[in-house]
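Enquirer: Residue-level listing of the chains:
Protein chains: 2
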Amino acid sequence: MQPHLDHFRALIAERDRFCILSHIRPDGDAYGSSLGLALSLKAFGKEVSVYSEDGLLRNYLFLPGKEMVEKTPAAPPPPEVAIIAVDTSTQERLGETFVGWNRQPDVNIDHHQSNPRFGRINLVDAESPACAQILHDLIDAAGLPCPPEAATNLYVGLMTDTGSFQYRHTSAHTFEVAASLVSRGADPTAIAQRFYQSTSVESFMLKREVLAVTKFTHTNRVAHYRLTQEMYARSGARTDEVENFLEQLQVVGSVEVAFMLEEMEGGKTRVSLRSRGRVDVNQIAASFGGGGHRLAAGIRSSLPPEELEARLLEKIGQALASHGG
Amino acid sequence: MQPHLDHFRALIAERDRFCILSHIRPDGDAYGSSLGLALSLKAFGKEVSVYSEDGLLRNYLFLPGKEMVEKTPAAPPPPEVAIIAVDTSTQERLGETFVGWNRQPDVNIDHHQSNPRFGRINLVDAESPACAQILHDLIDAAGLPCPPEAATNLYVGLMTDTGSFQYRHTSAHTFEVAASLVSRGADPTAIAQRFYQSTSVESFMLKREVLAVTKFTHTNRVAHYRLTQEMYARSGARTDEVENFLEQLQVVGSVEVAFMLEEMEGGKTRVSLRSRGRVDVNQIAASFGGGGHRLAAGIRSSLPPEELEARLLEKIGQALASHGG
Chain D
1 MQPHLDHFRA LIAERDRFCI LSHIRPDGDA YGSSLGLALS LKAFGKEVSV YSEDGLLRNY
61 LFLPGKEMVE KTPAAPPPPE VAIIAVDTST QERLGETFVG WNRQPDVNID HHQSNPRFGR
121 INLVDAESPA CAQILHDLID AAGLPCPPEA ATNLYVGLMT DTGSFQYRHT SAHTFEVAAS
181 LVSRGADPTA IAQRFYQSTS VESFMLKREV LAVTKFTHTN RVAHYRLTQE MYARSGARTD
241 EVENFLEQLQ VVGSVEVAFM LEEMEGGKTR VSLRSRGRVD VNQIAASFGG GGHRLAAGIR
301 SSLPPEELEA RLLEKIGQAL ASHGG
Chain U
1 MQPHLDHFRA LIAERDRFCI LSHIRPDGDA YGSSLGLALS LKAFGKEVSV YSEDGLLRNY
61 LFLPGKEMVE KTPAAPPPPE VAIIAVDTST QERLGETFVG WNRQPDVNID HHQSNPRFGR
121 INLVDAESPA CAQILHDLID AAGLPCPPEA ATNLYVGLMT DTGSFQYRHT SAHTFEVAAS
181 LVSRGADPTA IAQRFYQSTS VESFMLKREV LAVTKFTHTN RVAHYRLTQE MYARSGARTD
241 EVENFLEQLQ VVGSVEVAFM LEEMEGGKTR VSLRSRGRVD VNQIAASFGG GGHRLAAGIR
301 SSLPPEELEA RLLEKIGQAL ASHGG
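Residue numbers (the working numbering), protein chains in the order written: chain D, 1 to 325; chain U, 1 to 325.
In short, the hints are calculated from the structure, not lab data.
Even for Gly, the Cβ is constructed at its ideal location relative to N, Cα and C.
Treat the hints with care, as some may be off.
What the hints assert, rightly or not - Pair by pair, the computed Cβ-Cβ distance ranges are: (1) D/127 with U/145: 37 to 45 angstroms; (2) U/147 with D/70: 46 to 54 angstroms; (3) U/103 with D/145: 40 to 48 angstroms; (4) U/145 with D/140: 56 to 64 angstroms; (5) D/147 with U/298: 38 to 46 angstroms; (6) U/17 with D/141: 50 to 58 angstroms; (7) D/230 with U/217: 36 to 44 angstroms; (8) D/140 with U/293: 52 to 60 angstroms; (9) D/234 with U/298: 29 to 37 angstroms; (10) D/234 with U/57: 34 to 42 angstroms.
Work out the full structure, taking the sequences as your base and the hints as a guide.
Expert: Right, here's the structure in full:
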């Protein structure tokens, strides 16, 4: 990374204005990395904009500096503004509006294995469990300030992308970074409470609906559910409150594969699959025209949901059998 | 703590045999602290026994050194064996069998505020989120070894008592200790998977029953459920798989107080209460003859469950109203 780091340092020194973008359907690491870097650069005297195709989702209203997040504007910034992409695996995932700008990002800071190094300067580390971890080290290496508000945002990125220090790539260095961010003013207890203990009653009601229809098959090695528009309507929950219910199925020790089917408007069905490791759900998704990686993959299909469900159960059963099950 | 630390060092140097005990109804910090210290002392060439009134619960079969855990024997060890209590707020909580020994522990290592310093040597730090954090520092300060198996046990204590680095008293130092333990061989991802992603299908089924009967009252500031023997029977779950379902209610941001009533054999009802902070559930429990502390309290009552439920809802409503609700 050294030559790229030198180029990054030079860019920071040369430019006065920056715009930071992250991926569509933003999560804690997308916002936390964007705002963490933005607040650091701002404290260094730079002018910074933070753009997201989706603007600011309501779950993230607690982030310091949230007022900086704007919907990506249709018009690109002038050429003297340096463009920095964070936590984003491809240029397309920066959003349609960004793609319409027809501009290559100056800097691409990311932790996704598949990242094709689309920036002029690329700081990509696939061993890092969160983009925020890379940014913490980069801010220190570049001699940028890290005020408490920046530390809080980076901590949000680190905490959420590691599933509270549980997912893979969580390392001794990850904990060193957490210690550093807390010593700079991030409050781990308050942040966890704001993030993990602030769901809506409607989301609770939807979870209850989901658990009620969850089925365990293949001697409890597969768990799945179908999410319908009626379940949304009964619970009053919104469609962006749903992704993580698969985690509720994955806490069961026997479950090798968990998946959900969601009936979408226009007759399409969205499928999300998770594996504990033995079964490659990317392969299963690929056979239905979807994709992802070994542990997490997705499908969008026009097959009737009943048929898709039956065929997925069959495919997963075959994959389990080929692993001696 | 310095004089106590010197006495601890001297005790380690003088004695060859140790027995370590922790509290009844043991949790991850009780076992993790016991085994972490035991494996450190063993690696230092000492002879060590690990006792628990409850023996080893099945959720902890993954701990390295688990074979060292024995049910506390009726006969006390000879006087030359040094007795060390870890993670235990009072001598009584070391268990009836220990109390029958009629022996004062030589060392009392704990993090509970209320600990009355019942040992000859007392190493108590109420600012520590886990006893395992104190033990990590103590092992280093005393120059004892910390092999990977000890580090793994201490990590289990740290992770579980902080709710995966979310509960209060989680500090920069807590993360430094985690970094140190991981660098000594604890695998955070594998440990989290073994601990958090290994519930039984029966426990999932019981959770589903619990969510289905959960009621929100007082404009969603109170959530509660009643757990019946029928719910256990339908799910096939065991009574030790139930405590943490209150956490499922506490994730809802509007919930100030969560409680559950469980009908026990013999006609008694057990109540468990949790508060987010504004309402003192200890006070509410006390008015029914129970106790605990501000954020968590319990009751055992002979009142009919319907009456107890109605009276609790009323009391909690009054407490909320007195806080401007």
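Enquirer: Please flag the earlier hints that this structure goes against, numbers listed from lowest up.
Expert: 1, 3, 4, 7 and 8
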